[in-house]
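Visitor: Construct the entire structure; sequences and hints are all you get.
Counting in our numbering, the sequence shown runs from 342 upward without gaps.
Hints listed in this document are in silico derivations from the structure and should not be mistaken for laboratory results. From the three backbone atoms N, C-alpha and C, an ideal C-beta is built for every residue, glycine too. Among the hints, erroneous ones may be present.
Claimed, not checked - Each computed PhoX-like pair below joins lysine-lysine, with the alpha-carbon atoms no more than 20 angstroms apart:
| hint | residue 1 | residue 2 |
| --- | --- | --- |
| 1 | 684 | 784 |
| 2 | 612 | 695 |
| 3 | 407 | 379 |
| 4 | 720 | 521 |
| 5 | 400 | 426 |
| 6 | 379 | 521 |
| 7 | 665 | 695 |
| 8 | 426 | 398 |
To be verified - Between beta-carbon pairs, the in silico distance windows are:
| hint | residue 1 | residue 2 | range |
| --- | --- | --- | --- |
| 9 | 683 | 564 | 46 to 54 angstroms |
| 10 | 690 | 525 | 17 to 25 angstroms |
| 11 | 521 | 568 | 33 to 41 angstroms |
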Amino acid sequence: MERKQILSRVLFWQKWLGRGTRSANTQATPWPHWLILKGQVFLFGIDWEYSPFEGSKNKELQAQRKNGFAFYAVSRFQDAIGYVKALPAVKGKKYAAALHLCDQQSQGGIEIFCFYLNANRYALIALNESKPVPGHDYIGSKENVWQLGLDFANLQENQPIRYVGNTGIFDMEETLTLEKAFSNPSPNSEFASITNQPLIVGLASVILAVFGSIYGVNEYFAHLRQQQELQRQAMLNDPNLMYERSIEPALQQVASGGRTQIDNWMQTIGKLPLTTAGWRLNAVSCNSQSCTATWNRQYGNFSELFNSIPVAFASRTELMDATKPGNSTATTTHLLLDEPKEKGLSRSNLPVAKELLSQFSSQLQDLSLLDNTVITLDKPALFPITAQGTPDSLNRAVVRGNWGLQLELWTIGSLNLFPNVVPETLDIQFSEGKQGPAVYSLKGSFYALYK
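Guide: Okay, here's the thing in structure tokens:
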């Protein structure tokens with residue numbers, strides 16, 4: 342589908358869903374769909390805007406109040422805002438579901454969160470760099486949600502998209518229940534009321550006229566607004582404050598270091614035979630979720646291979662050369678047997694980069710004495726990659742570097758890595774006959790404090 346056709350479809354959805362430009366005549370419902378979880382009220386279907394306060398924040402809010410909107414929720418860095426005309430009359434604080442996901446579940450980049458609510462009511466929330474995408478905080482049927490998500494994905498021009506939710510509508514959807522997604526409401530996502538400033542100013546004017554203090558009160562309000570603006574600018578311009586808000590969630594997404602991942606891989610693939618039913622195991626590639634085995638045919642057929650493999654597999658592929666049926670390959674993908682009990686790194690437990698590099702380099706030097714060894718170690722850079730500033734300008738900055746090593750397979754059982762050295766991929770290549778030893782390649786990242 343060409344980009345122009347996709348844009349046309351998105352514009353149709355925005356018009357059909359009531360997601361166009363807001364005006365005084367907008368026929369919005371009193372409030373969007375809401376959901377109560379553990380006494381907290383989360384609202385879906387909010388109309389979002391980017392860069393809401395290019396001028397005066399107060400002026401913009403008063404303009405929206407004249408359009409009938411009485412409440413608003415604004416993102417942590419005040420670069421996205423959503424308005425509603427009324428909040429549901431139920432007990433509990435009211436939160437914008439989209440902003441809560443931005444703060445608690447987002448990992449940055451392009452993301453689509455999709456949840457089943459009730460009675461064929463589904464919620465779709467699209468995020469871009471941890472901000473709600475206008476027109477894509479939507480409540481509707483399963484079919485409409487799927488179509489809206491598909492059209493949005495087609496506009497991303499091959500950018501990676503993270504799918505999260507409890508519906509299974511989209512391929513590669515990371516499972517996330519409603520209870521887990523919304524268990525701890527983000528304070529930044531709570532709705533606030535738009536103050537009726539004209540009424541307040543009118544009452545103040547009457548009081549000031551009585552007491553003859555109009556000038557002093559006006560000066561006070563001007564000073565107060567100035568201080569609030571200065572505080573907001575200071576917050577937006579302080580790289581350390583922004584870094585502190587991003588580093589801990591980023592570290593919690595890091596996989597376990599040391600041998601945890603290696604042992605999980607080996608437990609998953611350890612029972613794969615080198616030969617079975619006329620097929621030979623050629624290679625195995627593992628990531629954080631699964632391992633894929635590649636099989637080369639010697640004399641058997643596909644059915645015999647798949648029936649003989651003693652390890653359960655989640656998917657398979659078959660590749661046969663029509664002109665040379667004997668030259669056939671197949672793959673089986675095996676899900677990891679155990680999820681790590683603990684995930685993430687603690688900044689307080691990270692060593693200083695200079696100390697870690699000295700210890701890790703020494704370990705790699707010892708390994709380089711073995712035959713068929715290849716080692717790589719890159720200079721670390723600021724983590725996460727989206728952080729602003731430099732390691733020198735930030736307090737307690739965390740750095741991340743890449744490493745890799747290739748060794749003969751017999752060494753993998755005795756390889757011990759530091760807790761903050763995280764293996765991310767494993768590739769094993771088996772030799773045929775007596776052509777040479779089997780070798781494996783590990784690649785990953787290491788994490789440390791800059792200073």
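Visitor: Each hint: holds or not?
Guide: Structure-based check of each hint:
{"no.": "1", "hint": "684 <-> 784", "result": "18 angstroms, holds"}
{"no.": "2", "hint": "612 <-> 695", "result": "40 angstroms, violated"}
{"no.": "3", "hint": "407 <-> 379", "result": "34 angstroms, violated"}
{"no.": "4", "hint": "720 <-> 521", "result": "37 angstroms, violated"}
{"no.": "5", "hint": "400 <-> 426", "result": "18 angstroms, holds"}
{"no.": "6", "hint": "379 <-> 521", "result": "11 angstroms, holds"}
{"no.": "7", "hint": "665 <-> 695", "result": "56 angstroms, violated"}
{"no.": "8", "hint": "426 <-> 398", "result": "18 angstroms, holds"}
{"no.": "9", "hint": "683 <-> 564: 46 to 54 angstroms", "result": "50 angstroms, holds"}
{"no.": "10", "hint": "690 <-> 525: 17 to 25 angstroms", "result": "23 angstroms, holds"}
{"no.": "11", "hint": "521 <-> 568: 33 to 41 angstroms", "result": "40 angstroms, holds"}
Checked against the numbered hints above, the structure violates hints 2, 3, 4, 7; every other hint is satisfied.
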